[in-house]
Structures are given as structure tokens and as C-alpha cells.
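K.L.:
Chains S and E are the protein sequences, given in the same order. Residues in the first sequence are numbered from 0 upward in steps of one, following numbering that gives the first Met the number 0. Residues in the second sequence are numbered from 0 upward in steps of one, following numbering that gives the first Met the number 0.
Any given hint might turn out to be false.
[Unchecked claim] PhoX-like, lysine-lysine: derived pairs with alpha carbons at most 20 angstroms apart:
id, chain 1, residue 1, chain 2, residue 2
1, S, Lys6, E, Lys98
2, E, Lys80, S, Lys53
3, E, Lys68, S, Lys53
4, E, Lys61, S, Lys6
5, S, Lys53, E, Lys61
6, S, Lys6, E, Lys68
Hints listed in this document are in silico derivations from the structure and should not be mistaken for laboratory results. Remember, predicted model here, so these are calculated numbers, not experimental data.
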Amino acid sequence: MRWFSRKSRREEEIDRELRDHLDLEAEEQQEHGLSPDEARHAARRKFGNITYTKEEVRSTWGWTRWEFLLQDLRYALRSLGKNPGFAGTAILTLALGIGASTAVFTVIDSVLLRPLAYHESGRLVVAWEHVPWLSGGDSLGPNPRHVDIWQKRATAFDGLTLVQNSARGVTMDEDHPRLVGTVSCLPNLLEILEVRPLLGRGFQSGDGVAGRDNVAILTYSLWQSLFHVDPDAIGKTIRIEDTPVKVIGVLPASFQFPNANVLRPFSSSQPKSGVPEPAMLLPAVLNLSQMAWDGNYGNWIALGRLKPGVSLEEAETQLNSIQAQLMKETPVSGGPGSLRASVEPMQEAVVGDSRTGLLLLMGAVVILMLIACLNLANAQLGRALARQRDAAVRAALGAARGRLIWCALAENLILAGLGATVGLLFATAGLDLLRRYSPVNIPRLSEVHLNLTVFLFTVGLALIATVLSSVLPALRLLSTDAQECLQQNGTRAVGSRQGSRLRTSLIGLQVFGCTALLLVAGLFAKSLLYLFHQDKGFDPGHVAVAQAQLPSNLLREEQSRIAFIDSTLENLRAIPGVQAAGLVSAMPLEGESWIESVRRVDKPGQEGLLVNARWASPGYFEVTRQRLVAGRFFEERDRDLESVVLSEGSVKALWGTENPVGSQISLLGRTHTVIGVVADSQTTSLKTPPARIAYVHYHYRPPYTTFFLARSAGSARELLAGMRQAVWKSAPHATIARVKTLDAQLSDSLAIERFRTFVLTAFGVSALLLAMLGTYGVLSCSVAMRKQEIGVRIALGATRPRIYALTFAEVGGPVFIGLGAGLVSGALAGHVIENLLYGTEVVDPPVILAVIGLFLVSAAAAAFLPARRAAHVDPMVALRYE
Amino acid sequence: MPKQPSDRIELLQGTLDMLILRTLRLGPAHGHAIARHIQQSTDDVLQVEHGSLYPALHRLVKRGWITSKWEKAPDRNREHKYYRLTVAGKKQLAAEESKWRQMTRAIARVMWPAEQEP
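With the rest of the complex left out, here is chain E (with noise of 0.2 angstroms):
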């Protein structure tokens, strides 16, 4: 179900990066499909306007994180761009994780110190 606009939180662009290699990890996929993916998972907690998606997509393919090619749809007979993950964009996801992973663990002891991760 659509959340209202209030309900939905912004994504910092860092965070949006990590996301859509997240995302093509799990596959190549057009823009359209990375969007859709992000705002069903999160259950359109995450507020992505799709003009920002795109923005990012060729940011991280300047990066040499993705790469991007213009592909018929498997199904359709219709041309997408769809976009890859490269190896470096696989080590570079792996080192946003655990940067990701750091900044929680260190947010977390100080809002709830008592708590400790194991």
C-alpha cells in the first residue's frame, strides 16, 4: 500500500549508491526496475524520486562501478539500458557494507549504550 509523502524517510546519495549496487547484485536491471526493487523492498519506507536514481546510475558508471548497455528485454520486444555490476563495483559494495555496518554499530552505542552488539 502507497505510504503517505510525510511517512517516507530521505536517502542521504551516498546511501543511494550503496543501494542500487546492492541491487544489481542481485542481476543487471534497467532504471526502472532498480527503482521499482528498492521502493517494493523497502515497502516504500525509502523515499527515491526517480530523477535521483539516474543522477547516481551514471555517477557509478563514470566510476567504472557499473557498467551500462543498451539490451532487448527478454520478454518484449523493446530495448532497455540495462546496467551490471563490475568487479570493482562488487568490491566496492563489499567496502560500503562495512562502512555501512561501522557507522550503525557506532550510531547505536550512542543513542542505546546500554545495549551492546555482540
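Isolated chain S, as found in the complex (with noise of 0.2 angstroms):
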């Protein structure tokens, strides 16, 4: 406060040549004669009134006018601190706003904004390929040999290498297996991302043969806790899946690699939960030579640094040329131009497809802030108006303009000013909240922080509601007419009639924005109802679900894979409580996967059916409780029979009504024979109709990635410990990658879906609230000023009720007109998200009708209060009172 010292030191100065002046008048008085205090009296006369000029000149120096705005500013804290009801509401009311927009910005700058935390992010990129028969249009992981040759012919690039995530068993000592992301790349990764490892050193071209692979990189956290920082960790051993492994190297702190579920390879897979950050490079050794031209899309991504000035379009052109000279020198099917390559920067990769929903998103907290903001304006209309005389005096006297401005503009600039420092806090508050309750993939959440760019944001958004929130009643200051304020009476303030419309009409607007929330937040609330509670087929509760892979060693196997599904299963029989126990190939709820194609025997000519493979044991169907529609389920006995139990739908598209039990069919290369058929049911998804599935017995090529489930008739959570135990009877190094109750899985399949309908009913909720303290204030207002008149109504014999039926009419019109265009505009949204509602219409009665009752509710709660006020008026005293 540069100012203050400087008027400090002027006062002082003042001072002292005031001083000097009355020393010399008084050394000349002195020299006529005077005694030394007569001579100071003298001279103090003869100067006149010393406050007065110390006052003038300081007025020529101009601080008065800072003075005037600290004075008004104190003014505004004072009238704020007599009202600490109105200040609280209303520092709260902005601080919900503008926390709530703070975090959901930050997200937005942190996960959309920010570049990638890698040295010149700008030139990363990732090359797909387009392989038409396959994926249609979708973007596919390239095919490792095609990037070889991309490599060595394209010269828009610094380099390319290839990544791939997966999740591996780690083991330090003898503990059990914990699961930790990896990423297999090329020895060119670090490279291209211009990452320096902490310790160590990075990958050598050496590292990418077989045999000399065993080795990895750390990052810092894996580092920190697997060896506490210990730097002595280069060198040392740990061991993947039974493999020693030796660490190389480390990396620093703050080196961020996308996840599985963000870098899809096949991009119209399901993401998965449970997916761990990436905490691990291992070397990729690929063996290109033995590689198929024409397959392998889809399990590598290919990353690239474009050369400096190098364009997206270039290396597209460059890539595609390529692709040309490929399907002319190699075996890639398809007609000419069928493969095709595209480029896009890496951030786009890994935000791209979370931009909408995060946009929406801030747009829902946007309508949010301006809902408070104009309940604020609301409040602070009501205000001024009370204060109109008050206004009027001052301008009579003579008040700027600019001060009276000034004086509108300080209260709620104050009010902003706090409103903003405890949004921040709710901020963090609900950024905690959002890493905990976010579906799988919102990409870069651990980037999410609060920075200068956050924070100045905050401060643009509270000087926005201070100004919007002021715009109205400083209008209306300008806008009084002194003479007739000052010729009113008391209560009945000029353009009351106006002011309250002004008012009431804002109050519909909040009414209005609230429904079409409200409405909105009810059909996806609906629909999620429906997916939760719908007929799946299955009963997820009381069933625990185990993934687990043996160690690469026994994974070789068939019969070490067949012995290990045994012994589990007969583990998990033995435990106390289990009802039933069974095993399948893939995590229920993760959509649809291993598609292959089914014929009849009988019937060669007809064509084949794709469908869902899946290799089960005995004891599966029992434990998900499916329906049996006709033969049997799988017993002990079919583990040497080629037994086929197929899905109900598979059924009707292959056999139509007949009966298919005893028929033969043909499938993963070779003849079973058809035992049962199980009613559909949503193994795959809640949210697709049922799909095609055909299961076998795992004894016939048992899968590598195991899922046991076990039935239980207590509770499925006291489950948990004893499926680890009994998957590490059987194999103590087989990794367990995840261990939930069916119940969270199905959960967690509904991520997205109750994420968004948590965060419109949350809005929808607040922005009620917001618009009935509105409407609170509005009324007690409106009573305050309306006293005479009520005072009157009741001398001459209103009733109680009618009195009530008055205050209430008052803000009716608004409510039922909001109200109304609510409905239709929320109607006409909910157009928009057809495709994301399950199980309901969008215009759907039982949730508009709940909708307008919880409207007229909440209004009839919040006039409830003032309209009592209102006919509890004593009419003498209301009469009386001037």
C-alpha cells in the first residue's frame, strides 16, 4: 500500500513545515518584543484555523477520494454485519457457484487446456491404422511390422515406437503377487517423450531381444514404495510373474504415462475398472520377421515426435503413401486405398473423447453460477429498494454518482470477495470428491490441481457476480427520482410495484432453469433405477468375482491351467458359507469379446452366427443363477465330453423354434454337441440387449486369464480374503489382479451413468435451493414493505387464509410460468440425450409429475414463512407505523 506511506510521510511533512512557519512568526513576534509565549500565541492567530488548512491542503493532494472508498467500503462491512443472515446466504449461495465452477475449470484446464506434461508435447503424436474389413472406420492400433517400415521410410518423423499396456504380478521377496501397470515399448520411448530417467539409465536397442529383456524401468512411486527411495535399487532384483527381472533405472517424479483404459488400442472396446496406473517399462520384443502382414492390429499403439515444423497433414500424406507402397509389396487384403493410416496429436488422443461430457459439465455449473449470481441481484434489489430514501438524501446532498455506484458496488464486492475465498475451499473439497467418484476414464486426473490460472479464474468469477449482481440495483439508484423518494411516505417506496415484478419475473427465470435441470437429472435418475433394477438374467448379489493368471511358467501349460482351475475351484467349495462356485473366461459387465463363428452341422450351407466364446465350469450358471430354458448345465462329466451350452438368442437365429439339444454344432475348431440352452441375460452389458454367447467346458483349451466366482449366503465382502486364499492355494504366484463383489462390478459397469446423474441431481438440488431462498427473500421483502397495505386489509376483515392465498399469489404467476417453460425446454433436452436414457421416454409422466410436486413444494415451504409474517400483522401496529 504504496499510497498509504506515501500519505503518511506528506502528513508529516505538512507538519513540519507548518511548524516551521509558526517558529519563524513567532521569532518575529519575539523580536517585537513579545515574551516567547506570546509570541507563539501571536503567531498561532495570525495563521487562523490549522485543522482547516492541514484539511485543504490535503484536500488539493486528492487522497479524499482514496479516504471515500475505504469509508464506503467500512460502511458496507458495517450494513453487512448487521444483516449476517442476508451476508450469510448470500456468501454462501456465491460460494457454492463459484466453487463449483472452480473445480469443474479445473478439470477442464488440467485434463483439456494443458499440454501434455512431456518437453515440446505439441509435436507427440499417435498413428492409427484403418483396416475397413476388420473395424470399419474405427482408428486400430497399427500392425508392428507396418510401423517397422514406417520407421525406416518416413521422414516426418524424429521417431516412432510402440507402446502397449498391461498389468502385470510383481513380487519383491516372497509375498504374494501385487498387480502393477506396465507399459512394454520400444527402447526408443524415453526418447521420443524427452524423459531423462532419474537413476540409472534408460532402455539400449540391446534390451528389445529375447533374452536380454529382462529388464525395467521404475517410476517414482513404484521406486518409493517397492524400495522405500532407496537409491542402491539399480541393479537389484524383483520379480514379474516368476521371472527375475533386474531395475535399471528410475524415473522422476513427475513423469505421467496415459493408462490402458485411456490409450485404447481398439478403440471401440469397453473401458475397464480397476486399471492401474502405468508404474513399469519392460522392454517389447517383438519378432517382426515372424509376424502375419495382415493381422496384429489392435495391441500396439504407435507413438511419434513429428521433426520441428512438421505438420499433422505431412505426415498423414507420408504415412498413407506408405500404406500404398505396402498393399502393393505385401499381402494386406482388401482392395486398393483399404488401408489407410491416420495422425493425431497425442493430447487429442488421450482427451478427446472425455471434451463433451467435461464441456457439458461446465456449461450445467455455468447455469448454476448465474443462478446465484441472480439471486444475489435479487436480494440486493430488494435492499435498495428499502433503501431508496436513503439513496435519495444522498444524492439530494449532493453525492457523485460514481460514489453512489461505488457504494452498490462495494457491498457486493465484498460479498464476492468471501464468497470466492470459501468456494475455493469447496473447490478442493469437491475436487477430493471428484477423484474419488469419477467413472473409469476422466484421462489426466492426477494432473488435477489447483494453479495460478484456477485461482485467477476465481477472481474474474466473483468480479462477474459482483457486477451482474450490482448491475440492477445501481440502475435503479441512477434511475430514482430524488424529490418524489424524499415526498414518499415510509414503507411505500417509489416504483415498488415495478421493483417487485422486476423481482418476481427473476424468480421465474431461476424457476425455469431449475426445472429444466430438475427434469433432466429425473430421467437419468430413472433410467439408472431401471438399469439397476431391470431383469438381467442374472443375481449379482452375495457373488464375489476373482481374476486371476498363473505365472508365465505353469501358463504355458494346458495341464498346469487345467490344475490350477481345479484345485481352486475345489478351494473355493471348501469355504465355509459357499453355496456354489464356478468359473468363466471373462469379468462380467465388460461387453462383448472373443467373437467367433458358430455353425450347424446339420446344416452346412447356413451361414455361420458370431458369437460371444466363452469356456465355463460347473457350478458357473448355479452361482449367477441363470435360467435354465432346456437340457442341462454343465456337470463333471463334460470335461471329456465336447459339450456346447449355447445362449437363447443364439438359438433363435440359428435353429428358430425347434429344439437344439442333441444337435451338433461346430466351433473353435471342432464339433460339440449342444446339452443346454440358458435364457439371455446381461452377462455382457446393462446397458446392450442381451448377447449371443456360447460356452464350452474349460477342459478344451482352458483360458489363460481365469474369473472365479463364488456363491455365498452371507455376505459377498466377508468373501473376498477367502477367494485370495484359495486361488494362492493352488499357485502362491499367481497374480490376482482384481478380487469385487458382482454388486461393485455392476457398479462400476454404471460408472459414467451415475456419475452423471450424481452431478445433474446434485446441481438440479442446488439450484432449487438457490431458487427458493429467492423466493424467501423476495416474499419477506415484499411482506416488510407491504405491511400498511396488509395492515389495511385485515382492519376491514381479511381472513388468515386469504391473507396467506395474497402472499402467496404474489410469486405464483412466476412459479407456475417458470414452471412450464421448465417443462418444455427440459423436454426438448431431453430430446437431445435420447440415446443416453434406458427404460424411459423422454417425456415421461411420472417423473414431470414429480418434478411439479416437488416444485410447488419447495415454493409453497419457502413463502410459507413471510406469508405467515404477513397475516400475523397487527393492524394497529401496521397502521400506526409511518
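Assemble the dimeric complex from its two separately framed chains, guided by the hints.
P.N.:
What follows is the structure, given as C-alpha cells:
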């Protein structure tokens, strides 16, 4: 506060100058023969009014402008202090609005706007292939053999590398393996990302050769948890699924890499739950010469760094011309131009999918913020109306317009400032909540932090809030005719009619926004309830599932896989309380996978049907309680038989209404006999119609990754530890990737829908609260102003109910209009989101009625207290009150 | 000889500015010296309350017509705040002088219409 010290210096200087003058004058008087005391008196008399002089000098220097500003701020603080209720609700309202906006903006800033945390990340790109016969127009991770050719022939890149996200079991000593996210990559990954290891070294070209590939680079956090930041970790050995691996380097703490859900080599695959963040780099061993030219798509992701000055289009054109060459030189199928490549910035690949959702969120939060500001504006208008006389007197006394406006702004500035501070706290808490409840694929969530940009954004919001909430009252202030105001008496303020109308129509606006939000939220909520409670065809209650994988030495042998499954199932059935246990080859509710073609043996001309192939054990259907339609489920004897169980839908497609039991089909390279038909169920996804599935006994080509399920008489959570034991008893070094209850898996599969509903409902409810606060405020003010009128009415015989009706009627109009408009716009919005809804119509009577009911109740509640106050006005007091 | 208070004529604010500027044309001076000079030159006819001098001085500083500086008095070991005329101040003084002359001429023509100024 430089002006402050300048001010005190000036003060001192003036004092000094005036004292000097008085001294000189006193000296002169003494020369005229006066005594020192008399001389001093004479000097002072001759001087005149010292204080007045000082003030005049001060005003010459224009300090008073600042002092006025401070004075008004202090006055604003005092008047807020006298109205703690109003101040409290205003600050809370602003805090909610600003806090929510800040939290969402932080996410948008950290996820969408900030460049990736690599050096010159604008040059980092992902290259995709497009193979129409496999995946239509979707992007696919390229065939590593093609990428090899790209590396050799393309000049647009500083370098190209391949990465593959995975998860492995890692052991330090003799403890059970823990699941660690890994990135298998070509040795040049760190070069391309321009990341230097904190300790040790990066990969060299020799590390990519089979036999010399047992090295790993750890991330900082893994190094922390395994080696406790011990610098001697370099050279030490850890075990990855029974293979000893040497640690050769540690990455800096700031290193981040997208996880398997964010960078998916098969873009139409479902995001999974429980995917770990990458914590380890492993060298990829690729035997290119043994790979097919026309396969291996969708397994690897090609990352590259463009040469400086090279554009995306150039790179893409180059790659496509190489693709054309490949089509001529190698046995790649499809007509000319059917093998294409595309290049996109790495940031786009990482955050592209989440953009719409985040922007939608931002839109919703901004609406909330605007409603909050409207509320504040309303409240301020009310106070301005009440203080109209005050303002008129000021204007009459000559207050400058600027000063009046500053007075109106000062209060709101303080409110906005405090609101923003509290809002920042809310935002921090909100971000914490977001990190815990966010759906699986908000990328870069770990990079979400409050920072300077966000802080400036918050300040900007506070200023906008101030302006928005001061504009209307300030305009009213300026338009008051001082003369008229002063002539009116007491509470019948000038223009109160217009003022009230303005305020009640603001209420109507809020109701409108609120209703629309709540309607959409209601539709999503109904959707969600439907998804949870629909008849799924299976029963997830009391069931736990564990994903396990044998270490690689045991994994190779079919017999050891079978033995592992057999023994684990036995162990599971031995757990007390377990009613049934079974095995399946894919995690329930994670989408369709392993698509195979099924053909009827007796109708060889008939087209094959694409089904999901699954390996199951006896007990699987009993655990999930799926319904048997015909025939039987798996039994022990099926391990030596070639049995298959088909889902109802597959049977309908192949046999129509005939009974298929006993017929034969060819699947997975051999003939199977249909032993049973299981009813359609939504074990692959709750959001799509039941998939076609064919189940074979695990004895034939036992699966590499196994999913054990067990049903307990008691709670499924108590089963989790037991399941781990059961697996490790059979194979102590098996990696257990996940253990969870089937209910939890169900929840997780609906994570996005839950998130959407939660957020919209939260916003809708907040908006409702705000609108109700606003209604309460408006009515309170109006009742206070109309006390005389109400007194007269009661004196003339109006009954209590009549007064209640009168008060309610004041806001009734806008509320109903707002409600109607809101319902209509909500229905329109519903059409836009139609494909996100399940099991509910866009115009859904129960939801609409619920929203209307909610509103009427809330409006009544908000209006009740002021109406009560009105009804209990003592006419004698009111009439005497001036 | 000090005159009675009733004999003194009140000064308009603008004219005080002009008098200060004129005084400073004779050389730099501190506030007390300026007051004394005006008082003595007009033989006490003009009532200049010392207090009203300072707002005028600071106003003139603010407008850039004079500057101020704390300096040591030439003969003593004491510091006073000395004011000086600036170039702009000189110009302003000339402008004020001519305005004053115009005003007095106009007033004189009203008061004593017969007498013509050459």
C-alpha cells in the first residue's frame, strides 16, 4: 500500500512545514518584543485555523478519493454485519456457485487445456491404421510390421515407437504378487518423450532382444513403495510372475503416462474398471519377421514425435503413401486404398473422448452460477428498494453518481470476495470428491491441481458475480428521482410495484432454469434405477469374482492351467458359507469379446453366426442363477465330452423354434454337442440387449486369464479374502488382478451413468435451493414493504387464509410460468439426450409429476414463513407505523 | 504599523495564486517569507491569513506552476521548504497579469465611464 506510506509521509511533511512557519513567525514576534509564550500565541492567531489548513492541503492532493473508497467499504462491511442472515446466505450461495465452477474449470484446465507434461508435447502424435474389413472406420493400433516400415521410410518423424499397456504381478521377496501397471515399449520411448531417468539408464537397443529383455525401469512411486527411495535399487532384482527382472532405472517423480483405459488400441473396446496407472516400463520383444503382414492390429499403439516444423497433414500423407506401397509390396488384403493411416496429436488421443462430457459439465455449472448471481441480484434489489430513501437523501446532498455506484458495488465486492474464498475451499473439497467418484475414464486425473490460472479464473468469476448482482440495483439507484422519493412516506417506496415485478420475474427465470435441470436429472435418475433394477437374467447379489492369472512358466502348459482351475474351484467350494463356485473366461459386464463363428453341422450351407465364446465350469450358471431353458448345465462329466451350452438368442437365430439339444455345432475348430440352452441375460452389459454367447467346458483350450465366481450364503464382502486364499493355495505365485463383489462390478460398469445422474441431480437440487432462497427473500421483503397495506386489509376484515393466498399469489404467477417453460425446455433437452436414456420415455409422466410436485412443495415451503408473518400482522401496529 | 482587522480587504482565491506567483518571480522563498512579503508590500492592506497560504501553495505545486524543495537556509543551520517558479508558472503569471489588467479596465469603465484609459 504505497499510497498509505506516501500519505503518512505527506502528513509529516505538512506538519513540519507548518511548524516551521509558526516557529519563524514566533521568532519575528519575539523580535517585536513579545515574550516567547505570547509570541507563540500571536503566531497561531495570525495563522488562522491550522486544522482547516491541513484539511485543505490534504484535499488538494486528492487523498480524499481513496479515503472515500475506504469509508464506503467500511460502511458496506458494517451494514453487512448488521444483516448476518443475508450476508451468510449470499456468501454461501456465491461460494457454491464459484466453488463448483472453479472445480470444473480446474478439471477442464488440467485435462483439456494444459499440454501434456512432456517436453514440446505438441509434436507428440499417435498414428493409427484403418482396416475396413476388421473395424470399419474405427482407429486401430497398427501392425508392428507396418510401423517398422514406417520407421524406415517416413521422414516426417524424429522417431516412432510402440507401446502396450498391461498389468503384471510383481513380487519383491516371498510375498504374493501385487498388481502393477506396465508399459511394454520399444527402447526409444524415453527418447521420443524426451524424458531422462532420475537414476540409472533408459533402454538401449540391446534390451529389445529376447533373452536380454529381463530389465525394467520403475516410476518414482513404484520405486518409493518397493525400495523406499533407496538409491541402491539399481541393479537389484524383482520378480515379475516368477521371472527375475533387473531394475536398471528410475523415472523422475513428474513422469506420467496414460493408462490402459485412456489409450486403447481398439477404440471400440469397453473401458475396464480397476485399471492401474502405469508404474513400470518393460522392453518389448517383437519378432517382426514372424509376424503376419495382415494381422496383429489393435494390440499396440504407435507413438511418435514429429520433426520440428512438420505438420500433421504432412505426416499423414507420408504414411498413407507408404501404406499404398505396402499394399503393393506385401500380402495385405482389401482393395486399393483399403489400408489407411491417420495421425492425431497425442493430447487429442488422450483427452478427446472426455471433451464433450466435461464441456457439458461446465455448461451446467455455469448455469448454476448464473442462478446464484440472479439470486444475489434479487436480494440486492430488495435492499436497494428498502434503502431508496437513503440513496435519495445522499443524491440530494450532492453525492456524485460515481460514489453512489461505488456504494452499490462495495457491498457486492465484499460478498463476492468472501464467497470466492469459501468457494475455493469448496472447490478443493469438490475436486477430492471428483477424484474418488469419477468414472473410469477421466484422463489425466492425477494432474488435476489448483493453480494460478484457476485462481485468476475464480477471481474473474467473483468480479462477474459482483457486476451481475450490482447492475440492476445500481441502475435503479441512478433512475430514482430524489424529489419523488423524499416526498413519499415510509414504506411505500417509489416504483415498488415495478421493483416487485422485476424481482418476481427474476424468480420465474430461476424456476425455469431449475425445472429444466431437474427434469433432465430426473430422466437420468429414472434411467439409472431402471438399469440397476431391470430383470438382468442373473442375480449379482452375494457373489464375488476374482481375476487370476498363473505365472508364465505355468501358464504355458495346458495341464497346469487345468490343474490350477480344478484345485481353485475345489478350494472355493470348501470355504464355509459358499453355496456354489464356478469359472468363466471373461469378467462379467465388460462387454462382448472373443467373437467366434458358430455353424450348425447339419446345415452346412447355413451362414455362420457370430457369438461370444466363453469357457465355463460346472457351477458357473448356479452361481449367477441364470435360468435353464432346455437341456442341462455343465456337470463333471462334461470335461471329457464336447459339450456346449448356448444362449437363447443364439438358438433362436440358428434353430428358430426347434429344440437344439442333442444337435451338433462347429465352434473353435471342433464339433460340439448342444447339451443345454440358457436364458438370455445381460452378463456382458446392462446397457445393450442380451448378447449371443456359447459356453464350452474349460477342459478344451483352458483360458489363460481366469475369473472365479463364488456365491455365499452371507455377505459377498466377507468372501473376498477367502477367494484370494483359495487362489494362492493352488498357485502361490498367481497374480490376482482384481477381487470384488459382483455388485461392485455392476456399479462400476454403470460408473458414467451414476456420475452423470449424481452431478445433474446435485446441480438441480442446488438450483432448487437457490431458487427457494430467492423466493423467500423476495417475499420477505415484499411483506415488509406492504405491511401497511396488509394492516389495512386485515382491519377491513380479510381473513388469515386470504392473506396467505395473497402472499402466495405474489410469486404464484412467475413460478407457474417458469415451471411450464422449464418443463417444455426440459422435454426438448430430453430429446437431445435420448440415446443416453434407458427404459424411460423422454416425456415421462411420473418424472414430470414428481418435478412439479417437488416444486410446488418447495415453493410453498419457501413462501410459508413470509406468508405467516403477513397473516399475523397486527393491523393497529401496521397502521400506526410510518 | 499594523492596521485594524476591519481595514483589511479580503482576497479572492484566484488573486492569491497570482500574488504568490509574482512574489516567487523575485526569487525562491519559503512560505513564511512569502506571507511576510505580501503583507509588507501591501502595507497590511491585504488580509492574508497565513493559513490560507498553504493550500494555495500546494495547489500551485500540484498544477506544476511552482516546485518545492527542503533546503538549508543560506545563513542558518536550519531547513525550510523553499518554493520556486517554474517555466510554466512564469507563463501562467503572465496570463493572469493580462487577465487582471483586462478585468480592472472593464470595472473602471463601469465605475468611472468618463475616464478613458489611454
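K.L.:
Would you mind confirming whether the straight-line C-alpha gap from Lys80 of chain E to Lys53 of chain S stays at or under 20 angstroms?
P.N.:
With a Cα-Cα distance of about 16 angstroms, the restraint between Lys80 of chain E and Lys53 of chain S holds, given a limit of 20 angstroms.
K.L.:
Given the proposed pairing of Lys53 of chain S with Lys61 of chain E, does the C-alpha separation stay at or below 20 angstroms?
P.N.:
holds, 15 angstroms
K.L.:
Given the hinted pair Lys6 of chain S and Lys98 of chain E, is their alpha-carbon gap at most 20 angstroms?
P.N.:
With a Cα-Cα distance of about 36 angstroms, the restraint between Lys6 of chain S and Lys98 of chain E is violated, given a limit of 20 angstroms.
K.L.:
Run the distance test for Lys68 of chain E versus Lys53 of chain S: straight-line Cα separation, threshold 20 angstroms.
P.N.:
Given that 20 angstroms is the threshold and the Cα spacing comes to 19 angstroms, the pair holds.
K.L.:
Does the structure keep Lys61 of chain E and Lys6 of chain S at a Cα separation of 20 angstroms or less?
P.N.:
holds, 15 angstroms
K.L.:
Is the hinted pair Lys6 of chain S and Lys68 of chain E satisfied, with a Cα-Cα distance of at most 20 angstroms?
P.N.:
At roughly 18 angstroms apart (the allowed maximum being 20 angstroms), Lys68 of chain E and Lys6 of chain S satisfy the hint.
Checked against the numbered hints listed earlier, the structure breaks hint 1 alone; every other hint is satisfied.
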